[in-house]
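Student: Listed here are the chains, written in short residue letters.
There are 2 protein chains.
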Amino acid sequence: MANLDNKKALVLVADGSEEMETVITIDVLRRAQIDVTVAGIALQNENYAKCSRGVMIVPDQSFSNISKEVLSKKCIYDIIIIPGGLTGAQTISSNSEIQELLASEHRDGKFIAAICAGTIAIKSANINKGGKITSHPVVKADLENEYNYQEERVVVDNKVISSRGPGTAFLFALTIVEQLLGKEKRDEISSPMILASTL
Amino acid sequence: MANLDNKKALVLVADGSEEMETVITIDVLRRAQIDVTVAGIALQNENYAKCSRGVMIVPDQSFSNISKEVLSKKCIYDIIIIPGGLTGAQTISSNSEIQELLASEHRDGKFIAAICAGTIAIKSANINKGGKITSHPVVKADLENEYNYQEERVVVDNKVISSRGPGTAFLFALTIVEQLLGKEKRDEISSPMILASTL
Ligand SMILES: [Cu+]
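If you read the sequences in order, they're chains A and B.
So the first sequence is numbered by UniProt numbering: it starts at 1 and just counts up by one.
So the second sequence is numbered by UniProt numbering: it starts at 1 and just counts up by one.
Chain A with its partners taken away, still in its complex shape:
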């Protein structure tokens, strides 16, 4: 049986991150009792991330405050998650500290998950090149030469979880729950959310 204790997730959020993808992921993981930390990256107003459609989300931490702890393995996450939203994804994928973090975490056997345009951070961190990936169609051209590009709604390959857009965010989040905690936990939290019969 999967160990239900102490699973920890780090969700990165920047100005321009897609708020639905961000919030669906955080909420669904917390419904599964995963300990989620929302870290703000290079926010113009340090108090909140101004997301792609203007929703303002207060992060739990500033990434600059926790990056040293994370990189030095004092603070250990089971998964790092990157939402979409083109502007936010560009900020996240071009940050060298994050590139280093994603690469080292993946080398250590941790999961890396990205949805929509957030998937470009997987490429910029040089993770799982040649492996299977999906993304929002708008960034397909950035990925298909260096990955085995898939049109599936969610793809899991070598501890890299990728997905396509706001409409696949529930499936993305539930797949993360299943990978970390098993199918039973996924099923347990699905029912009260009144999901569609196919995601």
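Keep in mind the hints are simulated off the structure, nothing from the lab.
For every residue, glycine included, the Cβ atom is placed at its ideal position computed from N, Cα and C.
Take these hints with a grain of salt, some might be off.
The list that follows gives simulated cross-link-like pairs (lysine-lysine, BS3-like), each with its CA atoms no further than 25 Å apart [claimed, not checked]: (1) B:K129 x B:K159; (2) A:K50 x B:K50; (3) A:K50 x B:K8; (4) B:K123 x B:K68; (5) A:K8 x B:K50.
Partial list, computed: chain B residues near chain A (C-beta under 8 Å) [as the list claims (entries may be wrong)]: (6) V23; (7) I26; (8) R30; (9) V55; (10) M56; (11) E152; (12) M193; (13) I194; (14) S197.
Please arrange chain B with the ligand on chain A, whose structure you already have, making use of the hints.
Tutor: Just chain B with the ligand now, kept in the frame of chain A:
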């Protein structure tokens, strides 16, 4: 053809509101160029609503700042929207200023929309009694004696739009878009979100 200009929506948010239902609705409406104002109700920390799974959302306005303008019709919304999350829904549905606002707006032919536990605010405002409604199953017992309770994923009846939970929030938001702006607008914004084939 529907008039695409100047549609205005007011989304009410309190501590304990369901963050997925709140954010999916705001985001999808803004994708349809609806002018959305997020108003915070009785927030413990006036800077943000602490939602049901800990996501902190900064409102655009405090409801107490705009309630006079809204009640005196200086500020006119085409729709008022109440998310779920039991604690948030209780705060919103027990607020007498909001009850007055919802009732007077509905009398004036405006839409009232609620999802999940947010639907109890429709009852507390005495709106469309005997009409068709749906909700999250947890509040079905509060509604079924005074409404024609439905198990549909979204219900539109006499300018009251109701829905069931986080998993029906995309359908809820798209139904609002269709009611305000027509099916063409709904279809236009649906495609980039990569929604499931049935919602
Ligand atoms: Cu709810």
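Student: For each hint, tell me whether it holds in the structure or not.
Tutor: Quick rundown of the hints versus the structure:
no.: 1; hint: B:K129 x B:K159; verdict: 12 Å, holds
no.: 2; hint: A:K50 x B:K50; verdict: 17 Å, holds
no.: 3; hint: A:K50 x B:K8; verdict: 21 Å, holds
no.: 4; hint: B:K123 x B:K68; verdict: 23 Å, holds
no.: 5; hint: A:K8 x B:K50; verdict: 21 Å, holds
no.: 6; hint: V23; verdict: 4 Å, holds
no.: 7; hint: I26; verdict: 6 Å, holds
no.: 8; hint: R30; verdict: 4 Å, holds
no.: 9; hint: V55; verdict: 6 Å, holds
no.: 10; hint: M56; verdict: 4 Å, holds
no.: 11; hint: E152; verdict: 11 Å, violated
no.: 12; hint: M193; verdict: 4 Å, holds
no.: 13; hint: I194; verdict: 4 Å, holds
no.: 14; hint: S197; verdict: 7 Å, holds
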